[in-house]
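**Student:** From just these sequences and the hints, can you work out the full model?
What follows is the residue order along each chain.
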Amino acid sequence: MSTAEAPAVAAPALTDADADSAAAPRRRRSSRVKEALFGYALLVPAVVILGVFAYYPLYRLVHFALYRPNRFGRGEVYVGPSNITRVLGGDEFKEGLWITVKFLLYTVPTGLVLGVLLALAAHRHLRGIKIFQGIFSSTVATSVAVASVVFFGLVNPKIGKFGQVGLIDLSKSSSALRGVALTSIWQNIGLTFVIVLAGLQAIPDQLREAAQLDGFGAFRRLYKVTLPLLAPTLMFLLVVLMIFAFQAFAPIEFLTQGGPAGSTETLVFKIFRRQDPGSISEGAVMALGLFGLTFVVTLLQLTILNRRVHYGD
Amino acid sequence: MATDAAVLPPDVRRRMLMGQAGWYVLLSGLSLLVLFPIWMTIVRAVSEPFVYIERGQPYHPVAFDWGVFGDAWREGNLGRSMLLTLAVTAIVTVAQLVTSVLAAYSFAYVRFPLKNVLFVLIVASLLLPIEVTLVANVRTIRELGWLDSVQGLSAPFLASAFGIFLIRQGFLGVPGELRDAARLDGFGHFAFMRRVAIPLNRPIIASFALITALGTWNQYLWPRAATTREKWETVQVALRSVSVQHPERFNVGVAAAILASLPILAMLIFFQKQIIRGLTAGAVKG
Amino acid sequence: MGEVQFENVTKRFGDVVAVDDLTLTIDDREFLVLLGPSGCGKSTALRMIAGLDEPSSGTISLDGEIVNGIDPRDRDVAMVFQSYALYPHMTVFKNIEAPLLGRPMSIDGGPERKLDRAERAERVGEAAATLGLEPFLDRKPGALSGGQRQRVALARAIVRRPRVFLMDEPLSNLDAKLRTQTRLELVDLWRRLQTTFVYVTHDQVEAMTMATRIAIIVDGRLQQVGRPQDVYQRPANLFVARFIGSPPMNTVDAQVVPSEGGPAAAVGTTTIPLGTATPLTAGKRIVLGVRPEHLHIDPNGPGPGQLEAVVRAVELIGHEQHVVCDVDGTLLMVRESSDAPAVDPGATVGIAPDPAHLHLFDVDSGERLG
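Residue numbers (the working numbering), protein chains in the order written: chain A, 1 to 313; chain B, 314 to 599; chain C, 600 to 969.
Keep in mind that the hints were calculated from the coordinates and are not lab data. Please note: incorrect hints may appear among the correct ones.
[Stated by the list, open to error] Computed list of lysine to aspartate or glutamate pairs in EDC-like fashion (alpha-carbon distance at most 20 Å, straight line): (1) A/K130 x A/E35; (2) C/K693 x C/E725; (3) A/K34 x C/D673; (4) C/K739 x B/E490; (5) C/K693 x B/E490; (6) C/K713 x C/D675; (7) C/K693 x C/D715; (8) A/K158 x B/E361; (9) A/K161 x B/E561; (10) A/K161 x B/E361.
**Tutor:** So, in structure tokens, the structure goes:
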């Protein structure tokens, strides 16, 4: 009858969860346990990795926030939740937060607009359009480091071609962040283009033709048909670009090292700088702050997304 | 689908061609946005550095120095760092594939309690990216003695919540009747996974692998934080040493950046379709 | 070899009872059709034989051994799914080969072992030849027509020579012409294989033409099981009576009245003699059933024992005509040969039922009386 097999391969024939079979309850119960164990076994690698490198750090961050390590040797000092409130309310964190937000404001709207512009321009039937599409998506091939090198050569005050342009002057604290943001904006062009183009291609031609027959001019079509249908894609892109903005690190390290006068120190940069025992407590709190920020933003986006989707229908 | 221009009356044709010309002009102009920095980079790479100091900043190459690529290779130790980065990329990509496929299969086809709770926990880990967990993970790696090592560079990325989510979606799309037929055919879980579930989802799995490889090769923050010695720098981290830290010989740095981009460019050209599919996986329904 | 037994099998999905206390024995080598309207539980019963679903209570046995809880792969049954469930990424050859992979089999009564590649290829070739699939072995299902895909599904089922074949509405995805042809091929296949076929359908024509026995299931309950002609001639209840036969049986409400010549029923004002020996109490309300071919039209108006009817429509079907008549608000269909005297719509005629072919049913339970 039932051949003896390694538990991992036996897949019991069960699809329902209720009532006993009068004839063979024992057989079924043990094979359900086997199946559950098999299910858990398949999850072990992923769960272990995510546990050790995502959730365990969360615990450690909280621990570092509450217990400052001794600068020399082992041991730690309890500093308590007041440490958290102190750092989160302190200038350092507020500065980092504000700079991160500014960076976000520089990169996200520009990124969306550029992406939409380029995708609209390149979404048509022209000979050789694929070449332009290839060009627009090419920055996908650049890494943050490469993009930073490219823009170092353009905006660095000493050797950059446009290093002296006032608007993006890296040597002045009022404009340095803009210069750094340029790197991200340029790099994001490729991805935003690819995503918006895919969104445009998913809109059936018939809708555009119907709008034409209804007498809509090009701009009206854009405003009343294309953009509303692009809305889900743009929402997705918004989330992606915001996440990129929160993560910004390499351009800062390459171009300004956080200067001048800390005017380009985003939260991640500040956290990176605080890894030695003396300041890791502050770093941990700021990291938790960043986590909280991401959490809140994601939650907001999900609720707005849900509501939008329902209205859109 | 462009109407055959030759068939139209001359003035309509002229208007249409002018319209098309207009688009070409616009598209070329927009291309400059993307291409200009690339062009300047190439210019910079192949020109001798003294040009910038003596003659200011030209828009075109001057005083070619093709040896700069060889210099970049040597000074940036690109041979070694590329090999290292390749190893890390391979390890992470394979690991993410294996862990994601196994976990996704479990969620899609195996019954066990607390499935939904576990899935939510896994997806929730997306809220804890490396930027947030950085200081703690560096500590952990250091305590394990894995600083400056291949393990240290790969460990935090051996699993991917995004991959699990994506591949589970694909598995759930396989018709239930196929699972029934496979059960009758005698396929246990591994046989079904190997012969049916994975082959039917080859496109999305391949795209995921490509995106992961791309992302790992291009990664900066973690390799920067997890290594202290020069010989353990990945390509991206090495770029900083060879470029930004020697602005007077920036042509070498820029040349190194160009070299560092070539593998990715090659991948993009060969696997364009799959990469685009992977990038747009969340954005467009259907 | 291939006997299947249901004993008090019930299957619940949450609050819904899909199969209700089913007791049925399917004999070895018979072609049993599970017939019933959509959603009546017949597919669920089939799946429980395969082991894809387990009974909530009751036992299922194969050849006398209880198989509850036994994995589908160990039951030695094969199934053809409604949409064929072919592996889209595998060639026809590999699809047919699939059941042979990884499963040890007993060769000619010898010890069980896995087949090697040559043996598998031989079996696949055999199955493919039986169904005329040799030219398609290298194609993938996407490149085949619906009829060809179905044959691949059949080949996959027979390659292991199981003891029971299960088929879930296999003809429903085929167009009408192909359906008739395939019906014949399936019965032919059954004869050649000499194995038990359990076949699920909602089409009573398929059931009547293919089955050795039909089991009618409604709302999860078995209504009647028997040979096609038995089910046709002596339906066990109203539902079966109306379900089997095309055009369907006519039914009218009636009341038993006393009469000298034996039991009779009053339909409206007409008294019809009932040719039955079953004792019936006078005054009892019943439902009278009579098939269209057992009604006869008297164009000269209603005579004694005839129902008064107004002709509503006459449908000429070439070799016969269907006359739709209105009897006091109820529509009755009469089948007459084309040679019978023509009647016109609007004419008042008499309808004479054949007393030897009257069916009586209890008006509350629908059960057959006598």
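**Student:** If a hint holds in the structure, say so; if it doesn't, say that too.
**Tutor:** Consistency of the hints with the structure:
1. Of the pairs offered as hints, the one joining A/K130 and A/E35 is violated, with about 51 Å between alpha carbons and a cut-off of 20 Å exceeded.
2. The hinted pair formed by C/K693 and C/E725 meets the criterion: a straight-line CA distance of about 14 Å does not exceed 20 Å.
3. Between A/K34 and C/D673 the CA atoms are separated by roughly 17 Å; this keeps the pair inside 20 Å, and the hint holds.
4. As the CA atoms of C/K739 and B/E490 are separated by approximately 18 Å, the hinted pair is consistent with the 20 Å bound.
5. For a cut-off of 20 Å, the pair hint linking C/K693 to B/E490 stands: about 18 Å separates their Cα positions.
6. With a CA separation close to 15 Å, the supplied pair C/K713 and C/D675 stays within the 20 Å bound.
7. Taken as a hint, the C/K693 and C/D715 pair is honoured in the structure, with Cα atoms around 14 Å apart against an allowance of 20 Å.
8. With a C-alpha separation of about 16 Å, the suggested pairing of A/K158 with B/E361 holds against the 20 Å cut-off.
9. At most 20 Å may separate the alpha-carbon atoms for a hinted pair to count; A/K161 and B/E561 meet this at roughly 14 Å.
10. Between A/K161 and B/E361 the alpha-carbon distance is near 15 Å, which keeps this suggested pair within the 20 Å criterion.
The structure fails hint 1 only (numbered hints given earlier).
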